[in-house]
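Enquirer: Take a look at the letters that make up each chain.
2 protein chains.
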Amino acid sequence: MSVLNLELIKTVDDSYQIEIGFSLEEKLVEDIKAGLLGGIKKFAVVTDSNVKDLHGDKIVDLLESAGYMAKIFVFEAGEKSKTRRTKEYVEDAMLEAGFRRDCAIIAVGGGVVTDLAGFVAGTFGRGIPFINYATTLLAAADASVGGKTAVDTPLATNLIGLFNQPKKVYIDVAAWKTLDMRQLRSGVSETIKHACLADKEFFEYLDEHMEDLLNNDKQVCEHVALKNCSIKYKVVMQDERESGLREVLNLGHTVGRAIETVSDYELLHGEALAIGMAAMAHLSAELGFMTEEEVERVIGLYKKAGLPVSIPDYIDKEVLVKKLYTDKKVKNGQLRFVIEKGIGDIATFGENVYAKPIEEELARKIIYMI
Amino acid sequence: MSVLNLELIKTVDDSYQIEIGFSLEEKLVEDIKAGLLGGIKKFAVVTDSNVKDLHGDKIVDLLESAGYMAKIFVFEAGEKSKTRRTKEYVEDAMLEAGFRRDCAIIAVGGGVVTDLAGFVAGTFGRGIPFINYATTLLAAADASVGGKTAVDTPLATNLIGLFNQPKKVYIDVAAWKTLDMRQLRSGVSETIKHACLADKEFFEYLDEHMEDLLNNDKQVCEHVALKNCSIKYKVVMQDERESGLREVLNLGHTVGRAIETVSDYELLHGEALAIGMAAMAHLSAELGFMTEEEVERVIGLYKKAGLPVSIPDYIDKEVLVKKLYTDKKVKNGQLRFVIEKGIGDIATFGENVYAKPIEEELARKIIYMI
Numbered sequence: 015m016s017v018l019n020l021e022l023i024k025t026v027d028d029s030y031q032i033e034i035g036f037s038l039e040e041k042l043v044e045d046i047k048a049g050l051l052g053g054i055k056k057f058a059v060v061t062d063s064n065v066k067d068l069h070g071d072k073i074v075d076l077l078e079s080a081g082y083m084a085k086i087f088v089f090e091a092g093e094k095s096k097t098r099r100t101k102e103y104v105e106d107a108m109l110e111a112g113f114r115r116d117c118a119i120i121a122v123g124g125g126v127v128t129d130l131a132g133f134v135a136g137t138f139g140r141g142i143p144f145i146n147y148a149t150t151l152l153a154a155a156d157a158s159v160g161g162k163t164a165v166d167t168p169l170a171t172n173l174i175g176l177f178n179q180p181k182k183v184y185i186d187v188a189a190w191k192t193l194d195m196r197q198l199r200s201g202v203s204e205t206i207k208h209a210c211l212a213d214k215e216f217f218e219y220l221d222e223h224m225e226d227l228l229n230n231d232k233q234v235c236e237h238v239a240l241k242n243c244s245i246k247y248k249v250v251m252q253d254e255r256e257s258g259l260r261e262v263l264n265l266g267h268t269v270g271r272a273i274e275t276v277s278d279y280e281l282l283h284g285e286a287l288a289i290g291m292a293a294m295a296h297l298s299a300e301l302g303f304m305t306e307e308e309v310e311r312v313i314g315l316y317k318k319a320g321l322p323v324s325i326p327d328y329i330d331k332e333v334l335v336k337k338l339y340t341d342k343k344v345k346n347g348q349l350r351f352v353i354e355k356g357i358g359d360i361a362t363f364g365e366n367v368y369a370k371p372i373e374e375e376l377a378r379k380i381i382y383m384i
Numbered sequence: 015m016s017v018l019n020l021e022l023i024k025t026v027d028d029s030y031q032i033e034i035g036f037s038l039e040e041k042l043v044e045d046i047k048a049g050l051l052g053g054i055k056k057f058a059v060v061t062d063s064n065v066k067d068l069h070g071d072k073i074v075d076l077l078e079s080a081g082y083m084a085k086i087f088v089f090e091a092g093e094k095s096k097t098r099r100t101k102e103y104v105e106d107a108m109l110e111a112g113f114r115r116d117c118a119i120i121a122v123g124g125g126v127v128t129d130l131a132g133f134v135a136g137t138f139g140r141g142i143p144f145i146n147y148a149t150t151l152l153a154a155a156d157a158s159v160g161g162k163t164a165v166d167t168p169l170a171t172n173l174i175g176l177f178n179q180p181k182k183v184y185i186d187v188a189a190w191k192t193l194d195m196r197q198l199r200s201g202v203s204e205t206i207k208h209a210c211l212a213d214k215e216f217f218e219y220l221d222e223h224m225e226d227l228l229n230n231d232k233q234v235c236e237h238v239a240l241k242n243c244s245i246k247y248k249v250v251m252q253d254e255r256e257s258g259l260r261e262v263l264n265l266g267h268t269v270g271r272a273i274e275t276v277s278d279y280e281l282l283h284g285e286a287l288a289i290g291m292a293a294m295a296h297l298s299a300e301l302g303f304m305t306e307e308e309v310e311r312v313i314g315l316y317k318k319a320g321l322p323v324s325i326p327d328y329i330d331k332e333v334l335v336k337k338l339y340t341d342k343k344v345k346n347g348q349l350r351f352v353i354e355k356g357i358g359d360i361a362t363f364g365e366n367v368y369a370k371p372i373e374e375e376l377a378r379k380i381i382y383m384i
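In order, the protein sequences belong to chains P and Y.
Residue numbers for the first sequence follow the working numbering, beginning at 15 and rising by one.
Residue numbers for the second sequence follow the working numbering, beginning at 15 and rising by one.
To be clear, the hints were calculated from the coordinates, so they are not data collected in a lab.
Note that the structure is predicted; figures quoted are calculated from it, not measured.
A few of these clues could be false.
Same chains, same label: a pair holds when it works inside one copy or across any pair of copies.
[Unchecked claim] In silico DSS-like links for lysine-lysine, alpha-carbon gap of 30 Å or less:
| no. | residue 1 | residue 2 |
| --- | --- | --- |
| 1 | K56 | K72 |
| 2 | K41 | K342 |
| 3 | K47 | K345 |
| 4 | K182 | K370 |
| 5 | K248 | K24 |
| 6 | K336 | K355 |
| 7 | K317 | K182 |
| 8 | K214 | K94 |
| 9 | K342 | K47 |
| 10 | K85 | K355 |
| 11 | K370 | K343 |
| 12 | K56 | K370 |
| 13 | K370 | K55 |
| 14 | K56 | K336 |
| 15 | K345 | K85 |
| 16 | K337 | K56 |
| 17 | K337 | K55 |
| 18 | K55 | K336 |
| 19 | K191 | K72 |
| 20 | K162 | K85 |
| 21 | K248 | K331 |
| 22 | K336 | K85 |
| 23 | K343 | K55 |
| 24 | K214 | K66 |
| 25 | K162 | K182 |
| 26 | K24 | K182 |
| 27 | K94 | K337 |
| 28 | K343 | K379 |
With these hints in hand, go ahead and build the complete structure from the sequences.
Expert: Written out as structure tokens, the structure is:
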């Protein structure tokens, strides 16, 4: 018997910058000219059928004008495109177009595009660099911080993927103007959640500027994007592998995700989350972590954003209670909730423990309250 | 415009051990019991139709006897299974069987199995640990050092994949007994190449013990496996991202790969490589890096291993010359060869330059010589 020990210890620097502004296509190409990606001269712009005309083509044109080889790869907009088949389609189209290891991907779009394109980049030629150009409020945080990329499979959401950090993220708040109002409100839902779990001042800012945000006021949008990213960064930075603290980002999601599924995706993620946040607030009050007044403030802000805060009639509440058990926080068959403490803070239940076991009876009681 | 700088610098320790021995199934399970993979209790044993009965089932049985949950996932043996579709099949079968993030993969087989299973492990749940249990001489080096995992696509070989390091590698030299002789000789071809590029003493050892190696002498096999790994480790360690030195592993491959393709895969990779090494040796002599006697020694050792050293009649030499240009070392339309210097060393052509531009006329001359 022989043994060989391989020592493979290295320092990895995945640092990058998030730039937030109003129409950043030119800035993106300037950065590339200034050497953001070293000597790379070939770019695959990956986008969806909604965003192609709005931003994708423009970025390709600007890259070509600057003397680069650029080609657009488009797939159909929507969550149902987040599959291994779409990944395969993009890969084959890139190979067909002569792309090999000496290229980079620019993902232009919302969360589906950045999740998928970041995954493609992670395995194309065993890893090529990529940039996210985020065009939705939801992607402003999701595509920008955390490095999570993935596709869905028939049996599991987001379970095939990679941790893969972009070289830079651009958040174009001008693009939010083109979102349909329901999509925008859905994005606001996660923003309010961020404020609830980490930043009372930001909560008050949102309360004051909700209308400006929904009206695409440039300054308000930029501030909101920045706050979204910095809150998520603060959380994720301390816990890259989702072992503990990162669980707090699940605030409101235990009930929220279950409602989303039981509604058969009639409700958008952010809408279901708003209802889940209302449930969580009531639960928090039951446990003594929030006053009734604070509960009303949280629910009030969701209402101000035009989001639902009670369970639609067509949803069977007993089915919903059962569905709670598919939550990824369930441990040994026991429901676990992340709980807000006051406004802008999270309750803890021991060192690195951010979720509390909750009896089914209490969960049921809350669900029948909203 | 706002900017947020994310600092993501970390130290990654991918160190691991290669254990070489005769029938290591029990040792593998002992190591797991001793905590090799922490508290993981669920194992997906990924293997192919050839290796399932020989080693896969045994490992599953041993794991189950030790109180672990283990399940075998089998795909059809052969290079043509190294596809995204097979990856998808294994993923879906694992999900179907209830595997989520809290599991590990044990890859049992040759290079196709370890390449594919290592890739599955890299993206399942955004990365789960894996172990390689290598059962072929070829995999002894390929699956053991370098962290390359990949699948093929219709348009490109090994271009969709990941760098992903196993937690441990077992090389079971007893398994070489079950290889068919042609496969074993093909594996020996890469071993001789390793000796040629890095270790004169090992070259002499092979010359002396070739028969014992082909007869599966335990001690000789273990020594050969160890040398294979340590030579590759020495090269790869200095150049993880294939920017320079790693190119030397391409010795003999410029002509070798071209012959493999032009033969329409009638020739095994190792057989084509043997012919490519003969071509390279003649080229080296032409350039003054090897004596005629050294050329004869290299060719003689390949012959002793029962490998071909001249181009079969059915191959059109002009087609072969053309095919050379698909080599990945081609730069700006110019052929480039890695050149052996004497026995056990590599010629260099400047700092970090390990391949020499060769005129087509010279390449043609060599091809007509063998």
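Enquirer: Now tell me, hint by hint, if it's right for this structure.
Expert: Hint by hint, here is what the structure shows:
In this homomeric assembly, K56 and K72 come within 30 Å of each other (Cα to Cα) only inside a single copy, at 16 Å, whereas the closest approach across copies is 49 Å. Taking the closest pair of Cα atoms, K41 and K342 never come within 30 Å of each other, the shortest separation being 40 Å inside a single copy and 34 Å across copies. Taking the shortest Cα distances, K47 and K345 sit within 30 Å of each other only across copies (24 Å), while inside one copy they are farther apart (50 Å). Proximity of K182 and K370 under a CA criterion of 30 Å is satisfied in neither setting, with 36 Å inside one chain copy and 37 Å between copies.
Taking the shortest alpha-carbon separations for K248 and K24, both the intra-copy value of 24 Å and the inter-copy value of 16 Å come in at or below 30 Å. In this assembly of identical chains, the alpha carbons of K336 and K355 lie at most 30 Å apart only when taken from the same copy (26 Å versus 71 Å across copies). Taking the shortest Cα distances, K317 and K182 never come within 30 Å of each other, neither inside one copy (34 Å) nor across copies (54 Å). Taking CA atoms no more than 30 Å apart as the test, K214 paired with K94 passes in neither setting, with 36 Å inside one copy and 58 Å between copies.
Taking the shortest Cα distances, K342 and K47 sit within 30 Å of each other only across copies (27 Å), while inside one copy they are farther apart (43 Å). Taking the closest pair of Cα atoms, K85 and K355 never come within 30 Å of each other, the shortest separation being 49 Å inside a single copy and 44 Å across copies. In this assembly of identical chains, the alpha carbons of K370 and K343 lie at most 30 Å apart only when taken from the same copy (10 Å versus 57 Å across copies). In this assembly of identical chains, the alpha carbons of K56 and K370 lie at most 30 Å apart only when taken from different copies (26 Å versus 49 Å within one copy).
Taking CA atoms no more than 30 Å apart as the test, K370 paired with K55 passes between copies only; the shortest distance there is 25 Å, against 51 Å inside one copy. For a Cα distance limit of 30 Å, the shortest separation of K56 from K336 across copies, 26 Å, qualifies, whereas the shortest one inside one copy, 50 Å, does not. When the C-alpha separation of K345 and K85 is checked against a cutoff of 30 Å, the pair qualifies only between copies, where the shortest distance is 23 Å, while the shortest distance within a copy is 46 Å. In this assembly of identical chains, the alpha carbons of K337 and K56 lie at most 30 Å apart only when taken from different copies (25 Å versus 47 Å within one copy).
When the C-alpha separation of K337 and K55 is checked against a cutoff of 30 Å, the pair qualifies only between copies, where the shortest distance is 26 Å, while the shortest distance within a copy is 49 Å. When the C-alpha separation of K55 and K336 is checked against a cutoff of 30 Å, the pair qualifies only between copies, where the shortest distance is 27 Å, while the shortest distance within a copy is 53 Å. Only within a single protomer do K191 and K72 lie at most 30 Å apart by alpha-carbon distance; the minimum there is 17 Å, versus 61 Å between protomers. Taking the shortest alpha-carbon separations for K162 and K85, both the intra-copy value of 25 Å and the inter-copy value of 28 Å come in at or below 30 Å.
Taking the closest pair of Cα atoms, K248 and K331 never come within 30 Å of each other, the shortest separation being 36 Å inside a single copy and 62 Å across copies. In this homomeric assembly, K336 and K85 come within 30 Å of each other (Cα to Cα) only across copies, at 29 Å, whereas the closest approach inside a single copy is 47 Å. In the homo-oligomer, the alpha carbons of K343 and K55 lie at most 30 Å apart only across protomers (19 Å), although the nearest pairing inside one protomer, at 44 Å, exceeds that limit. In this assembly of identical chains, K214 and K66 lie within 30 Å of each other by CA distance neither inside one copy nor across copies; the values are 38 Å within and 58 Å between.
Taking the closest pair of Cα atoms, K162 and K182 come within 30 Å of each other both inside a single copy (14 Å) and across two copies (26 Å). Taking the shortest Cα distances, K24 and K182 sit within 30 Å of each other both inside one copy (22 Å) and across copies (18 Å). Taking the shortest Cα distances, K94 and K337 sit within 30 Å of each other inside one copy (22 Å), while across copies they are farther apart (42 Å). Proximity of K343 and K379 under a CA criterion of 30 Å is satisfied intra-copy only: 20 Å inside one chain copy versus 67 Å between copies.
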